[in-house]
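Undergrad: Required output: the full structure, derived from the provided sequences and hints.
There are 2 protein chains.
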Amino acid sequence: MADRKLFIGLDVGGTSVKMGLFDEAGELLGKGSVPTPPLIDSAGYTAVTDGITALLGAASEQAEQVRGIGLAIPCPVPADGVIRMQANIQINAPGLQAALERHCPNAAVRFENDANAAAMGELSAGTAKGFKSFVFVTIGTGVGGGVVVDGHVVSGGVGAGGEIGHLCMNPTEERSCGCGGKGHLEQYASATGIVTSYKAACEASDTEPVELEGPSDSRSVFEAAKNGDEAAWTAIDSMCDYLGRALSMISCVVDPEVFVLGGGTSNSSDLFLDRLCASYKRYAISVCSDTPIEIASLGNDAGIYGAAYVALQAAETE
Amino acid sequence: MADRKLFIGLDVGGTSVKMGLFDEAGELLGKGSVPTPPLIDSAGYTAVTDGITALLGAASEQAEQVRGIGLAIPCPVPADGVIRMQANIQINAPGLQAALERHCPNAAVRFENDANAAAMGELSAGTAKGFKSFVFVTIGTGVGGGVVVDGHVVSGGVGAGGEIGHLCMNPTEERSCGCGGKGHLEQYASATGIVTSYKAACEASDTEPVELEGPSDSRSVFEAAKNGDEAAWTAIDSMCDYLGRALSMISCVVDPEVFVLGGGTSNSSDLFLDRLCASYKRYAISVCSDTPIEIASLGNDAGIYGAAYVALQAAETE
Chain D
18 MADRKLFIGL DVGGTSVKMG LFDEAGELLG KGSVPTPPLI DSAGYTAVTD GITALLGAAS
78 EQAEQVRGIG LAIPCPVPAD GVIRMQANIQ INAPGLQAAL ERHCPNAAVR FENDANAAAM
138 GELSAGTAKG FKSFVFVTIG TGVGGGVVVD GHVVSGGVGA GGEIGHLCMN PTEERSCGCG
198 GKGHLEQYAS ATGIVTSYKA ACEASDTEPV ELEGPSDSRS VFEAAKNGDE AAWTAIDSMC
258 DYLGRALSMI SCVVDPEVFV LGGGTSNSSD LFLDRLCASY KRYAISVCSD TPIEIASLGN
318 DAGIYGAAYV ALQAAETE
Chain X
18 MADRKLFIGL DVGGTSVKMG LFDEAGELLG KGSVPTPPLI DSAGYTAVTD GITALLGAAS
78 EQAEQVRGIG LAIPCPVPAD GVIRMQANIQ INAPGLQAAL ERHCPNAAVR FENDANAAAM
138 GELSAGTAKG FKSFVFVTIG TGVGGGVVVD GHVVSGGVGA GGEIGHLCMN PTEERSCGCG
198 GKGHLEQYAS ATGIVTSYKA ACEASDTEPV ELEGPSDSRS VFEAAKNGDE AAWTAIDSMC
258 DYLGRALSMI SCVVDPEVFV LGGGTSNSSD LFLDRLCASY KRYAISVCSD TPIEIASLGN
318 DAGIYGAAYV ALQAAETE
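So the protein lines, in turn, are chains D and X.
Residue numbers for the first sequence follow our numbering, beginning at 18 and rising by one.
Residue numbers for the second sequence follow our numbering, beginning at 18 and rising by one.
Calculated directly from the structure, the hints in this document are not laboratory data.
The reader is advised that the hints may include incorrect statements.
Copies of one chain are not kept apart here, so a pair can be met inside one copy or by any two copies together.
[What the hints assert, rightly or not] Cross-link-like lysine to any residue pairs, in silico, SDA-like; alpha carbons within 20 Å at most:
#, residue 1, residue 2
1, LYS243, GLY281
2, LYS216, GLY47
3, LYS199, ASP258
4, LYS149, THR334
5, LYS199, SER306
6, LYS149, ASP97
7, LYS298, CYS196
8, LYS199, SER255
9, LYS199, ASN187
TA: Next comes the structure, spelled out in structure tokens:
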């Protein structure tokens with residue numbers, strides 16, 4: 018037990034920090050979570066380290082045995098690990114890293130972009146297991162991605178590898194994306210995009226939309242489609258058209274062996290996957306037209322699996 | 018002299034097979050070329066091996082010292098080396114490989130897509146030297162590309178990595194691309210695309226086009242622009258708009274450290290590079306907006322440098 022090596026994956030989201038404890042074979046030993054504090058001072062850092070203490074305690078393991086901690090965070094992480102942009106979250110990365118290293122003195126701490134971490138999760142233990150190159154696409158409130166080539170995430174020069182939600186698909190769009198650009202994939206293919214397209218289709222056809230629980234409640238739109246709502250199908254077709262063309266373009270850049278779809282919207286894939294595959298085939302060049310599009314298998318756990326895997330990979334190469 | 022290791026790069030084009038002889042430090046020892054025969058029978062193979070004999074003879078070197086031969090060919094080459102599509106050239110890859118191995122009995126033979134080979138040339142001895150990740154864009158009759166991540170070309174699952182000429186930029190286009198698709202980057206940003214846009218702009222403005230030497234004589238369009246031809250500037254602006262947006266999308270996928278432009282059209286970069294950079298900045302997400310766009314330095318020799326470098330890399334890892 019003394020030389021048992023453990024790894025922790027932390028998935029830092031807007032509402033909670035999900036935690037997973039893994040052994041060096043990648044087996045999940047325990048899960049936990051804490052509400053996400055502002056990660057900018059010792060009170061915030063302590064909330065996370067207290068969560069780690071509880072996670073280790075529940076599994077009867079010691080902090081000294083933790084050899085690596087990976088953190089999935091919702092912003093670009095360049096290869097040099099220096100985080101420049103913090104779009105959706107308050108985080109002081111060096112401060113948090115120091116607190117974690119104090120708490121687990123034998124652990125190396127690594128940051129990874131959350132979509133990239135989820136991609137690595139699917140590679141290590143999910144749908145992409147056994148592939149060497151694939152592209153992970155996560156469809157939730159926004160659209161994110163992770164590009165894996167030869168078993169490694171492509172972080173890119175400034176950490177923007179896999180930022181496929183911001184592919185400029187439609188340069189004549191007048192509405193703005195959350196990032197300030199216009200006509201980005203995310204505006205059409207995210208849960209929010211589906212809801213926007215649905216409302217527009219209702220207005221165009223002068224029909225009443227179903228009740229929606231918020232601006233990204235794509236689930237209600239998918240339910241409406243099941244019930245024969247024409248405007249809902251218009252929104253789904255628009256999503257499939259944009260996303261299929263985007264995937265065809267990604268094939269022209271890195272030509273993955275497989276695409277893997279994750280995020281909340283992928284739970285409704287029975288309603289759109291056939292249409293998405295048809296759209297992809299329509300736009301793809303002939304040699305790439307049979308690239309499979311599959312659904313992620315780890316769900317919300319992909320981030321903790323992937324973050325821990327990144328820490329484990331780093332420990333192995335040291 | 019007996020253990021001197023040599024490498025040959027062959028760039029198989031539509032009209033000629035260019036040849037370069039290199040030592041193991043990557044120094045160019047000699048160049049040659051033969052007209053491209055149909056590479057499907059012994060007469061064709063012999064034309065190439067005779068060229069190699071002449072190349073070695075001029076440098077007073079022996080066939081036995083050749084440890085690797087790289088061939089740049091104008092079709093996708095997957096990681097497994099099995100060539101499935103032969104778009105622009107008659108080539109029997111296994112037959113040619115066997116003939117080369119008989120001629121240079123100590124040489125391993127490798128195939129690489131021509132744009133990927135040119136990318137590796139720029140990486141080994143040209144503009145991209147010192148970078149780990151970059152994207153090479155070649156603009157000639159068509160548009161090709163090579164995506165390099167961590168010092169290696171991304172070939173992709175079926176060899177379509179870097180096929181950026183076929184990014185579907187404009188799904189409402191009615192004209193077809195050479196590949197059968199519609200609205201591909203190549204239709205707007207290649208030499209042929211520039212000429213097409215120029216003619217359309219002349220027609221729209223009811224002006225007489227300058228004399229053109231063929232359907233891809235972009236040089237005359239650039240000359241016309243220098244002389245103040247408004248339609249020529251319209252064509253150049255269209256090329257920069259499409260290409261800048263395409264590069265911005267490539268940044269969202271692999272986020273290269275630098276873009277390197279090659280091909281015949283890059284010789285006129287003094288006329289369009291500023292506009293292209295402005296277009297790229299307009300479409301790129303903020304973290305990527307400063308990615309430099311530079312001009313290739315090896316010109317027509319990039320293919321022989323890269324093909325030889327691919328053979329040298331393969332010999333080193335064996």
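Undergrad: Up to 20 Å between alpha-carbons, please classify LYS199 paired with ASN187: within, between, both or neither.
TA: both (8 Å within a copy, 16 Å between copies)
Undergrad: How would you classify LYS216 and GLY47 at a CA-CA limit of 20 Å: within, between, both, or neither?
TA: neither (42 Å within a copy, 67 Å between copies)
Undergrad: At most 20 Å between alpha carbons: which applies to LYS199 and ASP258, within, between, both or neither?
TA: For LYS199 and ASP258, both the intra-copy (17 Å) and inter-copy (15 Å) Cα distances are at most 20 Å.
Undergrad: When Cα atoms must be at most 20 Å apart, do LYS243 and GLY281 count as within-copy, between-copy, both, or neither?
TA: Within one copy, since 18 Å is at most 20 Å while 54 Å is not.
Undergrad: Is the C-alpha distance from LYS199 to SER306 at most 20 Å within one copy, between copies, in both cases, or in neither?
TA: between (28 Å within a copy, 15 Å between copies)
Undergrad: Give the relationship of LYS149 and THR334 under a CA distance limit of 20 Å: within one copy only, between copies only, both, or neither.
TA: both (18 Å within a copy, 19 Å between copies)
Undergrad: Given identical chains, is LYS149 near ASP97, meaning Cα to Cα at most 20 Å, within a copy, between copies, both, or neither?
TA: Answer is between: at 13 Å across copies they meet the 20 Å cutoff, but 23 Å inside does not.
Undergrad: Should LYS298 paired with CYS196 be assigned to within, between, both, or neither, using CA atoms and 20 Å as the limit?
TA: between (29 Å within a copy, 14 Å between copies)
Undergrad: Check LYS199 against SER255 for me: Cα-Cα at most 20 Å, and say if that holds within a copy, between copies, both or neither.
TA: both (17 Å within a copy, 19 Å between copies)
Taken one by one, the earlier hints fail for this structure only at number 2.
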